[in-house]
Amino acid sequence: MTNIPVNAVDVSNLTVKFGDFIAVNNISFSVEKGEIFGFLGANGAGKTTTIRVLCGLLLPTSGKVKVSDVTYEQGIEAIKAKVGYMSQKFTLYNDLSIHENFAFTASLRKIPSDTLKRRTKELLEFIGFSKPMNTLVRDLPGGIKQQVSLAASILHDPEIIFLDEPTAGVTPVARARFWALIKQLAKDGKTIFVTTHYMDEAEQCGRIALMRTGKIIALDGPENLKKTTFPEPIIELNPKGTIPSELIEQLRINKAVDSIDSYGMKYHLIIKDPQEWNQLSINIAPYFVIRQIPPSLEDVFIRLVEGVTR
Amino acid sequence: MNLQFNFKRALSIAKKEKFHIMRDPFTLTMATILPVLLVLIFGLAIEFNVKDIGLTVHDSDRTFSSRKLVEVFSSSQYFNINPSRGSIVDAINDLDSERSKASLIIEPEFEHNLLAHGNTKAQFLLDGADNSTAGVILGYLGGIQKAANFKLTGTLVKEPIELKTRYLFNPELSSPWFIVPGLAVVVIAILSILLTALTVAREWENGSMELLLSTPVQPLEIIIGKLIPYTVIGLAAVLLVVLVAILGFGIPFAGNIMLFGIGSLIFLIACLAQGMLISVLIRTQQLSMQIAMVTGLLPSLLLSGFIFPLESMPKVFQNFTSILPSKWFMIISRGIFLKGADFIDLKLPFLGLFLLCSILIITATKKFKKDLEP
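So the protein lines, in turn, are chains A and B.
Be aware that the first sequence starts at 1, since it is given in the working numbering, and climbs by one per residue.
Be aware that the second sequence starts at 1, since it is given in the working numbering, and climbs by one per residue.
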């Protein structure tokens, strides 16, 4: 291989089966070093299973997996040493203090005590933690817990950090703060692999993989995903008052229109023929405030993940 | 694959487990209150020597001899005489109404027969519904009969063969002597099975198992690490029971304390492994706890010979009890405590205990390994 930028994660033809159930179906992708890689999909799409394979918690049924230049053939312990994993569930011990939690994790990973001291100081500064180290974890607010949990999972300074729905159930302010930390980590050269249900979080990823029933159905940057999913502009129609009910049906069969869907009180219209649309837009101007809008990631998600099943 | 057992990591687990124990009011309360409570309940409240037995006397004879017979009963300090209210039916009704445990019915010819024929009869009715009390009363009757013979005829009857019984190891047949050494078994069983039944289930429920999984820690390290602090608690509880037995109840410790300690340790580890196995299999704290209660309490109380002798059970049950560690440790505990038995005397129970302990640990570790390893 002569590629200069070594990939942090290389997955080819990965399949994971649980009995007859195929959780991950022949997926291939790569994640570059220093990238924030988002994993999107409905529950049960195979996100967590994929992550567990990449963290050395689950053996692949078939396919090749290379994590930070380590393959499964070199042993799962070698993989575990290279990655940090923060699971969906909150994994710190509530009845232990922050220091005790850190010391415990460190001792399982055989981190020497002077390294532990240095890393603890660095990480607590990094997350801006100012309370005493002997505070019990159960006494921390939810958002802070999440940040401390992140710190604990990167105590051994891993090259790749896997975050499985890290911000589920915390306040929007705490989410924003958590993402600032994620971005900082990526800036420092860490590779971040994150799953989320929040579209605003997905927007902040370098690239996104969309998963559905064990397969990756789209993989690109957020902007590219929007462009490729919606090559035509989206027009928002905001009714000025009550509109004749047959008007929407007429628009639906109009040559200029590809599709029209209601979004709350408004309508999203996709153009088929721009020339025809110019004329049509003048005709319907009395009824609607017309505005061209960029597609959101949510539009993409709905069209790709849910649209296919319709 | 690197499967090296690292003792330092096991110690880290043990240290972490210590924090859990120290900060969990439930565990601490259980560990201290339970042994004390059990010793109090079983050591003081259970008394096999029955006293103040209600005895309804229906005396139709009303002679010097019949009064003498009643006197023998009343002066024996075991019986409280309830005088009959006239009808012989009362003697039976009193048993029905629990007013008395036994009735003595003396027929009108009692004295006449004694004087005329040299022997006479009286009827003794016993409430057989409560068979343990009935057994004890039956035991008293032999002595009372002797005393009555002497009082009524003035001579000691010479029996052709006289059996003289001397009780070894517990000369006064004191209940605490019998009960308290057995309590070591019950205390260890309940305490250790219950405490460990929660530890692995708790990790699954809290999600902290994920944390353990993402580190290089090995299943055996987790099992050993978790066993260490509970072993300490269990040994402390045994020590407490032994001290209470010696100092509180004045039971002499006849055997080798080291041998007793080793036996306790093997039994303790067997129970801890049993709790661990429950926890590994069940994974939820609530259900684990219920199963631990049943499998910890019932065998040690009912099927270990603690109160009910195994010898009186059906053969099938007797054979079944051999797979219960508590049966073997019961033999060891009473043997060393009261009889001063040595290892040679107890090699079979020790072997049984050791085998069961090994099987439990291996099963728990294997199942745990299967769950944890990818």
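Quick caveat, the hints were computed from the structure, so don't treat them as lab data.
Some hints could be false.
As the list claims (entries may be wrong) - Below, simulated DSSO-like cross-link-like pairs (lysine-lysine); rule was C-alpha separation at most 27 Å, straight line:
| hint | chain 1 | residue 1 | chain 2 | residue 2 |
| --- | --- | --- | --- | --- |
| 1 | B | Lys370 | A | Lys82 |
| 2 | A | Lys240 | A | Lys272 |
| 3 | A | Lys117 | B | Lys370 |
| 4 | A | Lys89 | B | Lys370 |
Keep in mind the model is a prediction, meaning the values are calculated, not measured.
Hint check results:
no., hint, verdict
1, B:Lys370 / A:Lys82, "holds, 24 Å"
2, A:Lys240 / A:Lys272, "holds, 24 Å"
3, A:Lys117 / B:Lys370, "violated, 35 Å"
4, A:Lys89 / B:Lys370, "holds, 22 Å"
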